[in-house]
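Q: For this one, chain A is given, so just place chain V on it according to the hints.
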Amino acid sequence: GENVEQHPSTLSVQEGDSAVIKCTYSDSASNYFPWYKQELGKRPQLIIDIRSNVGEKKDQRIAVTLNKTAKHFSLHITETQPEDSAVYFCAASKEGSYIPTFGRGTSLIVHP
Amino acid sequence: GAVVSQHPSRVICKSGTSVKIECRSLDFQATTMFWYRQFPKQSLMLMATSNEGSKATYEQGVEKDKFLINHASLTLSTLTVTSAHPEDSSFYICSASSADRTDTQYFGPGTRLTVL
Chain A
721 GENVEQHPST LSVQEGDSAV IKCTYSDSAS NYFPWYKQEL GKRPQLIIDI
771 RSNVGEKKDQ RIAVTLNKTA KHFSLHITET QPEDSAVYFC AASKEGSYIP
821 TFGRGTSLIV HP
Chain V
9 GAVVSQHPSR VICKSGTSVK IECRSLDFQA TTMFWYRQFP KQSLMLMATS
59 NEGSKATYEQ GVEKDKFLIN HASLTLSTLT VTSAHPEDSS FYICSASSAD
109 RTDTQYFGPG TRLTVL
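Note that the protein sequences, when read in sequence, are chains A and V.
For the first sequence, counting from 1, position 32 maps to 752 in the numbering used here; every step adds exactly one.
For the second sequence, counting from 1, position 71 maps to 79 in the numbering used here; every step adds exactly one.
These aren't lab readings, by the way, just hints derived from the structure by calculation.
Please note that a few of the clues may not be correct.
[Said to hold, decoys possible] Here are some chain A residues the structure puts well away from chain V; computed CB gaps all over 12 Å:
{"#": "1", "residue": "Gly-736"}
{"#": "2", "residue": "Ser-746"}
{"#": "3", "residue": "Val-774"}
[Stated by the list, open to error] Derived Cβ-Cβ restraints for the label pairs, each shown as a range:
{"#": "4", "chain 1": "A", "residue 1": "Arg-781", "chain 2": "V", "residue 2": "His-15", "range": "29 to 37 Å"}
{"#": "5", "chain 1": "V", "residue 1": "Leu-124", "chain 2": "A", "residue 2": "His-831", "range": "17 to 25 Å"}
{"#": "6", "chain 1": "A", "residue 1": "Pro-728", "chain 2": "V", "residue 2": "Phe-47", "range": "14 to 22 Å"}
{"#": "7", "chain 1": "V", "residue 1": "Glu-60", "chain 2": "A", "residue 2": "His-831", "range": "40 to 48 Å"}
[Claimed, not checked] Not everything, but these chain A residues come out facing chain V in the computed CB check (under 10 Å):
{"#": "8", "residue": "Asn-751"}
{"#": "9", "residue": "Leu-766"}
{"#": "10", "residue": "Asp-769"}
Backbone N, C-alpha and C define an ideal beta-carbon position, used for all residues, glycine too.
Next comes chain A alone, as it looks inside the complex (with noise of 0.2 Å):
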């Protein structure tokens, strides 16, 4: 089955600084990637995803990037506030199989 690997668990960053996240995943059949963001407490909310048919796609702060060839995808959110502190879950799924793999989770803190 699908493995997805998600880099780092932690990532603390000053306030206007960028954050990358990185997943990487096994399964060459993944052809949907989204991003989630949990609040502590609280349910996961999509922020943005990818399909394998884009390389990129960016909504305001936050842009994803998908390399097809090596199997990975990042998570980048630029200009962080405090805010953006959460835990960031990347996951991969397939046509055909809506069951997503989902990553171990970062927690990101932006500190003021």
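A: Frame of chain A; chain V shown alone:
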């Protein structure tokens, strides 16, 4: 759109009792619902997947007699933790997907279960 509610948000029960958690899709028809368990500072662990009107598919290691899942309608799924024990204490989160966006999951707010 794509709102999923979960009830109750918190529950405390005595060991040996059963607890039912409801998951509802409020503004769309959820053809598939998922139940996850999350331990502190850990990732989401998929427990089971259920499609409306059919039996749930449980992940390896999840006891189907312990965690009863019912998906009776396109907007409601329930998880019943039977004969709960302290080790069942956890954060339980449901999610739902619709027929037109099968790869996108919308999560409920979660239920914090504490078994004394």
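Q: None of the hints should be skipped; say for each whether it holds.
A: Structure-based check of all given hints:
no., hint, verdict
1, Gly-736, "holds (26 Å)"
2, Ser-746, "holds (16 Å)"
3, Val-774, "holds (14 Å)"
4, A:Arg-781 with V:His-15: 29 to 37 Å, "holds (34 Å)"
5, V:Leu-124 with A:His-831: 17 to 25 Å, "violated (38 Å)"
6, A:Pro-728 with V:Phe-47: 14 to 22 Å, "holds (20 Å)"
7, V:Glu-60 with A:His-831: 40 to 48 Å, "holds (46 Å)"
8, Asn-751, "holds (9 Å)"
9, Leu-766, "holds (7 Å)"
10, Asp-769, "holds (7 Å)"
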